[in-house]
Each structure stands twice: as structure tokens, then as C-alpha cells.
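Student: Residue numbers (this note's numbering), protein chains in the order written: chain G, 1 to 226; chain E, 227 to 452; chain H, 453 to 698; chain R, 699 to 944.
Honestly, the hints are just simulated from the structure, not real lab data.
Note that the coordinates shown come from a computational prediction; the quantities given were computed from them, not determined experimentally.
The beta-carbon is built from N, C-alpha and C at its ideal position, and this holds for glycine as well.
Please note: incorrect hints may appear among the correct ones.
[Unchecked claim] The following residues of chain H were derived to be distant from chain R, with all beta-carbon distances above 12 angstroms:
#1 S554
#2 P579
#3 T625
#4 G661
#5 N686
[What the hints assert, rightly or not] To be clear about the criterion: a stretch of chain R counts as covered by chain H if any three or more of its residues have a C-beta under 8 angstroms from a C-beta of chain H, and this derived list gives those stretches:
#6 723-729
#7 814-823
#8 826-836
#9 896-905
#10 910-916
[Unchecked claim] Some, not all, of what chain G presents toward chain H, calculated at C-beta under 8 angstroms:
#11 E20
#12 G54
#13 V55
#14 L71
#15 G76
#16 T80
#17 H89
#18 H90
#19 G116
#20 I123
#21 G129
#22 G132
#23 M135
#24 D136
#25 P166
#26 I199
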Amino acid sequence: MSGSANGLTRQQMADRIAFEFQDGWIVNLGVGIPTMCSNTDIGDRDITYHSENGVIGYGPIAPAGEEDLNLVNAGGQNVTLRPGAAVVHHADSFGIIRGGRIDVTVMGAYEVACNGDFANWKITGQKGGGIGGAMDLAACAKRVFIIMEQITRSGAPRLVAQCALPVTARRVVKLVATNYGLFEPTGDGFRLREIAPGITLDEVRATVGCKLTVPDNLPQVRLANQ
Amino acid sequence: MSGSANGLTRQQMADRIAFEFQDGWIVNLGVGIPTMCSNTDIGDRDITYHSENGVIGYGPIAPAGEEDLNLVNAGGQNVTLRPGAAVVHHADSFGIIRGGRIDVTVMGAYEVACNGDFANWKITGQKGGGIGGAMDLAACAKRVFIIMEQITRSGAPRLVAQCALPVTARRVVKLVATNYGLFEPTGDGFRLREIAPGITLDEVRATVGCKLTVPDNLPQVRLANQ
Amino acid sequence: MTQKSKQVGSFREAVQDIPDGATIAFGGFAMPGVPFNLIQALLEHGARRLTLIGNTTGGAQQPRMPDMGMLVENGQVKKVVCAFTASTRPTDVLPFTKYYESGEVDAELVPQGTLAERLRAAGAGIPAFYTPTAVGTELAEGRETRVIDGREYLLEYALPLDYAFIRATRADTFGNLQFHRSQRNFAPVMATAARVTIAEVDEDILPAGAIDPDQVHTPGIFVHRLVKVPPPPNGLWPTRRQERRR
Amino acid sequence: MTQKSKQVGSFREAVQDIPDGATIAFGGFAMPGVPFNLIQALLEHGARRLTLIGNTTGGAQQPRMPDMGMLVENGQVKKVVCAFTASTRPTDVLPFTKYYESGEVDAELVPQGTLAERLRAAGAGIPAFYTPTAVGTELAEGRETRVIDGREYLLEYALPLDYAFIRATRADTFGNLQFHRSQRNFAPVMATAARVTIAEVDEDILPAGAIDPDQVHTPGIFVHRLVKVPPPPNGLWPTRRQERRR
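Next up, chain G with everything else stripped away, as it sits in the complex:
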């Protein structure tokens, strides 16, 4: 897949979320764009990346030819380990998640509602779904951050008043990065914290499906670590 035609690229969305990571955090990155957060330069902050399959402290994707075929992240990509890594089994790994040790989980979503509900496991009309670890992570991580495109392929908003799709968890999303900007659910709407370069406020307003709050001095999306 290529980057978005409008606003931030996929890597820029991941970068913006990664800039929020604080020193010492334990971070779980979901499949897709979220995994790109581990590519972001966030200076000397020490982050421990946790994967559902029990890998604690993984590092960058393994260079081609140097993969350990028995070592993957949540997306099935062959990763490396950083010094101090540890491996546990699946029940212990989800014990870490349910036990509240994950400072932030970053996931993709189909929809995020202004009360913090979000949906990312089941499509309308589909029988079955793909939950994976999303419900455990969403219910139990200290923070849920979402990265998704601003609108669906058919142009409908993904930031909505309430989810039309079955939710993954309720009232948990704290921050959303889209290609249009950075948003916070406020309960009755979204607050636009930062806007993507090249995107107009009208474009944002037209693509949010509920109330939008915009601060007086709206900054552009921060694209470098500081």
C-alpha cells in the first residue's frame, strides 16, 4: 500500500504517535501502520516494545537474510531483540496486558466514536471477525492510541458520534492520528489538536462525523522529535 494521497503519510502518522511515547513506557504496537512507530526516532527515550506472542523488548525488523524464523512481532514480521529482551508464553503475555503493564497500545481502527469507543474487528455483514489481542489490549492498556485514515474508501467519516460497527472496547481511546491531523475524543465530540500540512480546516470539518472543537492557535502536526 502507498501513503495517503492527502495529508500525512503512513509513516508520518506513526511518527506523530511515537512522539507521545514517554521514557520507560512499555508499548504494544498493532498490525499495520502502528508497527511503523518502532521506526521513529524519539531520541534517547527508553521504550520496551511488547508483542502479544510473548516477546518483550523487540527491536527493528530483521535485515533480509538475517531473520530468525522463530521470532516475529504481532504482525508476523521477523524482528530483532534488543539487550534485556525476554520471552514468555501466551498466557503470561496476556497477563502482562490484562495486569495493566502496557502504557500504551497503538492500533488501527475502522471507526472511533467521540466517547472513546472504537471498532476494529468486524465488518458489517461479515460472519466472524478478527479480534486477535485487540479486545484484551483495548480493555486493559493504560492508554489506547489509534492510527487510521481520516475517511473510508467511500469517503465516509471514521471519527463519528457513535460506532456503527461492533465495538472492540468502550470509552478507551485517548488519541487518534489520521492523515488529516491529531484528535482527542472529548465525550461529545473531538478536539483537533494539530492539523496536517496541506489540509484545510474545512476539509477536517467536512470529514468528522460529529462535533469538532478547534483551538484558537491550531498548530500543524509535529513531524520531528523534540
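Knowing the structure of chain G, use the given hints to seat chains E, H and R on it.
Tutor: Same frame as chain G, now just chains E, H and R:
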């Protein structure tokens, strides 16, 4: 403590119980006389001894001077490991117990009732008690075997119609070895399976606190492996 | 004390007693830990009306390796219990989907952590437990919940197994296992949950005592049969990952 | 990514922030795994109204080493939660007993497996679970039970900790721990249940990366402070066991 003045010695009681162990069994031995079962020669039957503290596959007591001070059995004695041993943590160790993997647990007791109830954790009038792993083992092992003296220090029966002391578990005891013989709870009494050398049937009858069934050809307690 | 080795000579022999109607879990998360060779043997064995448990039904990657979906396609499966019964990508249709949508096969969709914990509970003699996961979702509809210290939890039951098929890197004759990196994943809890655990093993089976007791990942008391995986092409091994074409 | 070492310079420093009223668990089963040095530091620190959790209250062996009973004798304890609050030998009276019988200290007696599982549950985000242990006994009187598949089970709740004091053989600066043999016992589950885990360590603290990730017993994310135990007589070490005189 010395052996019993009457009938079987402590080691003989342990031996008799150990002769019941079948090839391939996983066996948990409680503190006191039961730990002596691991001294018994039961031929080439392969037994895995499990201890509550997570040691799977321990062997004899370590010779003096060769103790590993970080390796003990349930009684706190420094033991050895046999080839194929493994160590797990306490929650996993009791997962093994509750999960039904223990073929037999051998324990001491104050009293055993004819319905299979037994008591071994709290003395009359005492505040508090010593449960340890006894309730988990008694509730979950496939079989509970008891080793105890036939009578209390004051001469009262320990094989009783019902327990006067708070029970450890209900309806679980399958076999009891005392210094007087080998007994099975039958629901409404005990069946005497074998009698100790030097003990008369009258002595047994006088020291069982409920109905006693005695087979026509009562054998003596088997004292050697066969 | 004479220990008998748990090694058996072939995958076929390892699965030969599996009856119709058995409940079998497969270890594995993406490629690591999937018991490809045992699944292949089960395809050849032909047992039917199986209930299969694992993270996914498979088929999302190329090259396709033996997976739950193939057993479904082979008509051997009554029901699957998985954390994924469909892809999260709308354009990506799993091989399993058409059998599920047609009603030929039933499925129970379980959050991954709940799946792992239900297996762990079965192995640890815990018949049921409460979890915050899935509260407020479609999965909790009509189910029993309980408020504890002001938070709502869902009641979940243990998931016991007849058989666990797992893959390990190293084993001794007593069945003690070690896994390499994320090969471990579900295997240890599945082994505790199963009546019979069968492990395919990457390396030659070692004599008992060759693995440090402190470094055993799954104790041999949970493992009943071991099969050494032969080198390719006779044995199946994880490959480099390629995204499935869509 | 700059990792800071979790090693602190002294036992005193490791326990200095422990407030009155804290809930603290001590690892250990018989001698192995008991954090003698941290208990000694807590005796000197003087925090009061503590709730202490561990297998026993101590005092059953000679030579007597720092134990829960000494903190009781020192007036620092409100309540203990243990699998033994008395000896099973009528003639063997624990040091703890007179404080318990006089009502100075409260106690909760918990079967050992239930104790381990309640700690594990606290660490694993499971607020409550069912267990067959103690059904039909005095401990179950007045408590909630549930019949599942025809068997009766007791409801038990998670037991979360403020602090866990544990002892390990080996650690790296990130806090990854390895235990030797039965030194492991309760330590891994206590570490997961605690907000803050403090480990006393037998060997010199290793650089991060020195322990094989497959062989870590307790991941460093659960461990917050490490103290190297000095050689005797400055550090306290397990000794050969002698039965207590009675």
C-alpha cells in the same frame, strides 16, 4: 522421634504405601513420614516425585556436605534431582496439582473418617492452622493416601466415624496405613486389608472408632516389594 | 527407576489413535510454533468431526503450509475456536470463510488473551474466571458478568483439550521441552490443558538430564509423544514470510 | 534508547520509601528464596501497620533468620496472609502465635495453592476465579461457591501487592531475573502482583543482554530495584537446615 512401639515402624508404614505406587505415577509426598516413601525400593517402577514448591522429579535426600541450599522438598529437606527433573514456580506447581496430574498424594493426618473425610491442619482450640498445600492436594489429586499412627497420644482412635477436627477435604481418602495395618474407608466403616505383624485383631478392633470389616483370610502387612 | 523414551518414530504413528470428535489445539502464532508436520499427519489420518483450537484458521500467508483451514477443506472439522475467524482486512478472504458462511463449520470467536487464559485455566484446574476483556462488546451479549470493585468483568470458562499439537526446538526423552523465541507462544498452556500432548521437535531428542531443570519451558509430565522433524523436504519447516496476494 | 540500571546501592535505600500501611509479600519456601536481607532492612526501616504475605510466618527453623514473625515481634505488622499461621505439630509453637492469640495481629489463613493463584491472578488482571480447593471445609463457611459441571468450587479474589520482596540468583540491569532450583517458588507470581518489586540477588548484576531471553524467569518489566547481596557476614545467606528444638 522414634518408631512406633507397636506394630509397624515409620519406615514400614511408608514402605507399605510406596508399594502401591504404579509405574509412571506422579507422586506428592507430604511432610513427615510420607517423605520416607521415596526411600522405599519399589523395583524398576518409574515414579516422578513432585513437591509443592515447583520441583518435579526430585530424588533422594542430598548427602551431607553435598546439599544445594536452594533445593528443598516440601519438608524443607535438601534433596537431589534425578535426570529429567524440571522446576516451575508456585502457581504453575499448584496448577499441576489442581489440574489433576498428581496420581497420589501421601499425607499425615490427625483423623480419617470412614466416609473418606480427613483432618490434618488444625488442632482443637488452636487459633490458626497449618494448611500449606494440603487442601489443594487433597481436593485435586487422583488419590489421597494417609499415613498416621493408629491412636493419639492419649489413646483415642484416629480412624473414626466422623472427624471431630476441621476437615482438610471431604470423601477423598482411599487408603490409610497405620502402625496397626492397612485400611480402606468404605463409607460406613473401614475395611482392614492387612494387619501388622505382632498386632492382634482385638487390638485393631479396640482402636478403630467405627465399624470394621475384616476379610476371612486376613494377610499380614506386606513388607517387601513384589 | 527406568524411564521410557517418549519418542515415536513417525508423525503418522503419533496421531494414529486420534478418534473422530476429538478436541485438538494447534500451537503457533504466525509461522513460529505451528506443528506443520502433525497437522499434515492429521490430514492424512482423516479423523472427522474435530473441534480445533488455535490463534487463526490459517491461509493468510504464502507459501501456504498445513493449517486448520486445510482440515476444514478436507471435511474433517465440526468447529473451530480461534481469535481470528476472518481477516481484519475487508479485501482479504480466508480459505475458512466460505465453509463458515455456508454453515458447514461452526466457529467460536474468542479474544486472544481470553483464549490463552481459558487454556491455562483448564491446565491449572481453574474451571472459570473473570476477565475485563470483551466487556461491553457483542461478544458479551447475553453472557454473565459481575462487578468487582466497581469494574465490570465477564465470566469465562476453562477450555480443556483432548490433544495438543505443538512444536518445540529441543526435547529430552522424558518430554521436557524448550522453545526458541516466539516459537513458545501458546504451546506451554496448550500442553497443560491437554490429556495428550504431542510435540514435533526441531533438534534430535536428548537423553533425560541434558536440559537444565531451571531452563525447562514445558515439563515432561505434560508431554506424551515426541517426533523429531526430519530435514526438508521430508519435514516441514517455517519459511520466510511473504504476504498473501490479495 | 538509553537503559538505566535498576541496581541500587543498599538494602536500606531499596526499602526507604515503604510507607506505613503497605502490603508486602515475601518470596521463599523454607530457606530458598527468602529475601533475608530485605526483611532485615524493613526491620531497621520501621514501617508500621504492614500487611505481610508469604508462605509462613517463620520461626520454625534454627538458626532463625529474618522473617515475618520478627516484624510482628517488632510491632510493625497489622495482618499476615499465609498458608501456615500455626504449626501442624501440636508441640511446636511459632513465635507468631502469641501475637495472633492475643489479638495484636490479624491473620488470614489461605491454602498454599490458592495463595499462589490469587497472586498470579492479581498479576494477570484476573479479579476472581473459582477453585476446588477448600470446598467443604471451615475455610469455605459463609463464602460464595458455584457448581460447574457438577462439581462445587469456591470463589477466590486476586491479591494485589504494593511491594514484593524476592531473592534471585542472577539479574541483569534491566531487572530480568533467573532463580536457582526451588529458590523460584512464589517469586515470579509475587513480582507480577506487585506495584514495586525489589530483588536481592546472589550474583553480580549483569549487563542487559547477558541473560538469554529464552531463559529469563521473571521479565525485567516486573522488577524495579536490584540489590546485590554481599558475602557473609555483611550479607545474609541460606544456611543448612536444622530442625527447631521443641
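Student: Now tell me if each hint is right for this structure.
Tutor: Comparing the hints with the structure gives:
No beta-carbon of chain R comes within 12 angstroms of the beta-carbon of S554 of chain H; the shortest separation is about 32 angstroms. Residue placement check: P579 of chain H does not keep its beta carbon more than 12 angstroms from all beta carbons of chain R (closest about 4 angstroms). Distance to chain R confirms T625 of chain H as a non-interface residue, since its nearest Cβ pair spans about 21 angstroms, more than 12 angstroms. Interface exclusion of G661 of chain H from chain R stands, the closest Cβ pair being 15 angstroms apart, more than 12 angstroms.
With a cut of 12 angstroms on Cβ distances, N686 of chain H stays outside the contact zone with chain R, its closest approach being about 27 angstroms. Counting residues of the segment 723-729 of chain R whose CB lies closer than 8 angstroms to any CB of chain H gives 0, so the stated coverage by that chain is violated, three being the minimum. With a threshold of 8 angstroms between beta carbons, the proposed coverage of the segment 814-823 of chain R by chain H holds, since 4 of its residues qualify and at least three are required. Chain H is given as covering the segment 826-836 of chain R, and this holds because 5 residues of the stretch bring a CB closer than 8 angstroms to a CB of that chain, at least three being needed.
Judged by the Cβ-Cβ criterion of 8 angstroms, the segment 896-905 of chain R is not covered by chain H as claimed, because only 0 of its residues qualify and three are needed. Coverage of a stretch by a chain is defined here by at least three residues with a beta carbon nearer than 8 angstroms to that chain's beta carbons; for the segment 910-916 of chain R and chain H the count is 4, and the condition holds. A least Cβ separation of about 24 angstroms between E20 of chain G and chain H goes past the 8 angstroms threshold, and the interface hint is therefore violated. Interface restraint check: G54 of chain G against chain H, minimum CB-CB distance 6 angstroms, threshold 8 angstroms, status holds.
Hint status for V55 of chain G relative to chain H: holds, with the closest Cβ pair at about 5 angstroms, below 8 angstroms. With its C-beta approaching chain H no nearer than about 4 angstroms, L71 of chain G sits inside the 8 angstroms limit, and its interface hint holds. Because the beta carbon of G76 of chain G sits about 3 angstroms from the nearest beta carbon in chain H, less than 8 angstroms, this interface hint is met. The restraint placing T80 of chain G at the interface with chain H is violated, with a minimum CB-CB distance near 11 angstroms, outside the 8 angstroms limit.
Interface restraint check for H89 of chain G: the shortest CB-CB distance to chain H comes to about 4 angstroms, inside 8 angstroms, so the restraint holds. The interface hint given for H90 of chain G holds, since its Cβ lies 4 angstroms from the closest Cβ of chain H, which is under the 8 angstroms cut-off. Against a cut-off of 8 angstroms between C-beta atoms, the interface hint on G116 of chain G is violated, since the closest Cβ of chain H lies about 11 angstroms away. Interface hint at I123 of chain G: satisfied, since its Cβ lies 5 angstroms from the closest Cβ of chain H, which is below the 8 angstroms cut-off.
Hint status for G129 of chain G: holds, given a least beta-carbon distance of 5 angstroms to chain H, under 8 angstroms. Given the 8 angstroms rule on beta carbons, the hint for G132 of chain G holds: about 5 angstroms separates it from the nearest Cβ of chain H. The criterion of a C-beta within 8 angstroms of any C-beta in chain H is met by M135 of chain G, whose closest approach is roughly 4 angstroms, and the hint holds. Taken as an interface hint, D136 of chain G checks out: its beta carbon lies about 3 angstroms from the nearest beta carbon of chain H, inside 8 angstroms.
For P166 of chain G, the shortest C-beta to C-beta distance to chain H is roughly 4 angstroms, which falls under 8 angstroms, so the interface hint holds. Because the beta carbon of I199 of chain G sits about 25 angstroms from the nearest beta carbon in chain H, more than 8 angstroms, this interface hint is broken.
Consistency note: the structure conflicts with the earlier hints numbered 2, 6, 9, 11, 16, 19, 26.
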